[in-house]
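Asks: Here's the letter readout for the chains.
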Amino acid sequence: MGDAPEAGLLGREPGERNYLTAGTTVRSWLLTTDHKRIALLYAAGITFFFFLGGAAATLMRAELVTPAGDLLTADEYNRTFTLHGVIMVWFFLVPSIPTTLGNFLLPLMIGANEVAYPKLNLFSWYLWLAGGLLTLFALLAGGVDTGWTFYTPFSTLYSNSHVLLAAAGVFVAGFSSIATGINFIATLHLLRARGMTWMRLPLFAWAMYATSLVMVLATPVLAMALLLLFAERAFGLPIFDPRAGGDPVLFQHLFWFYSHPAVYIMILPAMGVVSEVIACEARRRVFGYEFMVYAMLMIAIIGFMVWGHHMFISGQSPFASLVFSALSFVIAVPSAIKVFNWTGTLYRGQIRFSTPMLYALGFVGLFTLGGLTGLFLASLPLDVHLTDTYFVTAHFHYIMVGGSVSAFFAGLHFWWPKITGRLYSETLGRFAAVSMFFGFNFTFFPQFVLGYLGMPRRYHEYPPEFQAWHVMSSTGAVVLAFAYLWPLCYLGWSLVKGERASDNPHDATGLEWQTRSPPPTDNFAEPPIVTGPPYRYHEEGYAPHAPAAADEPQRP
Amino acid sequence: MIQASTLAPRVDGIFWMLTGLSVAIMLLVGLLILIFSFRYRRGSKAKRGPVPEKLSGEIEIGWTVATLFVFVFVFWFAAALDTEQFEIPKDAMEIHVVAKQWMWKLEHPNGAREINALHVPVGVPVKLVMTSQDVIHSFFVPAFRTKQDVLPGRYVQAWFQASKVGTYHLFCTEYCGTDHSRMIGGIIVQSPADYARWSSGQPQGDSLADQGAGLFVAMGCTGCHGGSAVVRAPSLAGLYGRAVPVGDGRFVTADEGYLRDSILLPQKDIVAGYAPVMPSYQGVASEDDVVKLVAYLKSGKVK
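Those sequence lines, one after another, are chains A and B. Our numbering numbers the first residue of the first sequence as 1 and each following residue consecutively. Our numbering numbers the first residue of the second sequence as 1001 and each following residue consecutively.
Bear in mind the hints are in silico, worked out from the structure with no lab data behind them. We put the beta carbon where it would ideally sit given N, CA and C, even for glycine. If a hint is listed, it holds; no wrong ones were tucked in.
Covered stretches of chain A (chain B as the covering partner; in silico rule of three or more C-beta atoms under 8 angstroms from a C-beta of chain B):
{"#": "1", "region": "312-322"}
{"#": "2", "region": "343-351"}
{"#": "3", "region": "380-386"}
Chain B is faced by these chain A residues, among others (derived, beta-carbon under 10 angstroms):
{"#": "4", "residue": "ASN78"}
{"#": "5", "residue": "LEU157"}
{"#": "6", "residue": "ARG283"}
{"#": "7", "residue": "ARG285"}
{"#": "8", "residue": "GLU290"}
{"#": "9", "residue": "SER328"}
{"#": "10", "residue": "PHE376"}
Using the sequences and the hints given, assemble the complete structure.
Replies: Right, dumping it as structure tokens:
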């Protein structure tokens, strides 16, 4: 299978056509409508933004080693954390899994040749890139000092920085998000292979569906919030300005109505990836498949009703706070179901500790801790003390970085052979996965303590009694930075010198493994027919997917 | 961590309860993962085979209901404290706080002023009436477990009762621009005797209400609201705390917020039966002036 003689870069055999060798000109990449190539276009952009945001984080952790603001000036520090936040949230975390793994895998997993709207898919990439470059220009040409949340009236009336340009970039990128969501929803409704019923969908496909719903319904609200911000800052329309009867808290409501669900745009895809990896590497059907599906849909739906927990101390009505607090506890239930079910999937399995599996198990641990600390913030009197401190910083980094990024790396390693046709070194991969887990905890766990002790967020100087914890966190960041850079080396190496991958190196059951590695441009030689539920790993002698006309009566 | 208010130990109670719960759940999940990982590693001799359908259904429902029950309990437990805390004691000493980029300006009832420092007596409830002159700030005293966003154009309230003598950090925790990290101060909690000594040593000036009375005349308010001019504008005597009928049949309670709005945004809620003729004092009365005017209107000295 995979041991073909040495061939050209990435291609399996000289002359064999796959989506990578289907055209080699720059034009063939920039005008491609192949979902797999578009995934790689996104991957290139996202990698760039990830390391840019990471560089900003490194600079901040270096500044915070000492209590005095001796490395950066106050304004430089404020611009650095804004750059870190804006880039990481909108140009890395939100698009990361859906646009790369999602674009690549969704059609393959459901036995389709393409997404529903291939040209819209390409257009989304250009929108995203245009937004990214606009924002990047704003962040580097002088910078923005509002933080990624753009709270009014600071952002509209007081900040002397490129707020409008940065907001315009985020606004444009939002449309990319909406278009991707629409594309995925249509793809899942229209292009599933014969026999691929909803309850036979892989959980990753379900995750993409839930994520897309959130993207399509929430992103327009962010667009409106940014438009209003634009109107006030550029034209002086008094929308949030209290001196003219405006309401600065209104912006927070609009902003968080998008930005809290946005957390689920980051975490639902991660849940999808982890479910695939754990099922395959434990060789078990995911425990409680139906519960896992409903839990993801519940998270997507209830995710829209908890935004108010960002405003417990903003002076909103105490009754509203009580309702938002209660709903925030409720959304923890489906999240807990997922954790228990992943654990249950291991029971009676045949567990293999491959690189993706280590990342996935790391995800479960970090997500659980991140989720549990979410309960602290959902509790009203505790939130009063902890909000806007490092406790919050630690909490959302556990979910969004510990969780989402670990899962992204799990998925990247898991599908790497399919995407590139090459294998990477398992030893080096496992080492990276373990260092990421420890580096992450080392960096962010001290921040929970800092937050409880009262260290506020976004401080470029701080009272000396907090220093020990900051030094710990910064030391951990060094380990973490290494753990993020290291895969770049061995994965890059595998592209050039890696062993050829077989079509199904993990012996997995998903449809994406039934085609060649890397897949041909049109994905499948013959349209596959699905005859059973996914993840039938532990049923002996079961052939998951038969070629057409093999069994099951054909439907008209 | 130091607990310097009556609220602090109770918040910490919830904190440690949740920490205990989290540790228990982390241990449960972590141990299960470790045990399964070891026992069912590939190649081990453990027994495999399917889990009975019925059993797995019961497990699912069991842990869903259990988590829901636990979470609802924690919510109720935490929310109860918050609801209790919402009532501000009537006899609280009232401190006026004006936040601006990048300092805290505080004013005692007797007119004594401080910047980035607040002296309070131990064991006395202190009510903070706060507003911001520019952007959103947040008043945070970690040792008291107290935090409240301070909004421009609005009065917000918070309260605490210090329980330990000492000096504690006052931070701004809502990001507010360049010197956000320098917008810090100290809360100095003193014994009642020390506080009295400190207080009497301050240049008292007039009380807030007295200064407000001066402004009330100086800014021309008496021209319309004075005792003899009730034709054009309502008298303000005894107004504070009353329900006022406004235009469309609604009633608005004349609290600090309403008084403040009436000075700066007079067209917002006009008392029924009066023409909307009052000019806005936006830009005329500073945030400090408004605080004093409101203090005067609340004082019962209005005729």
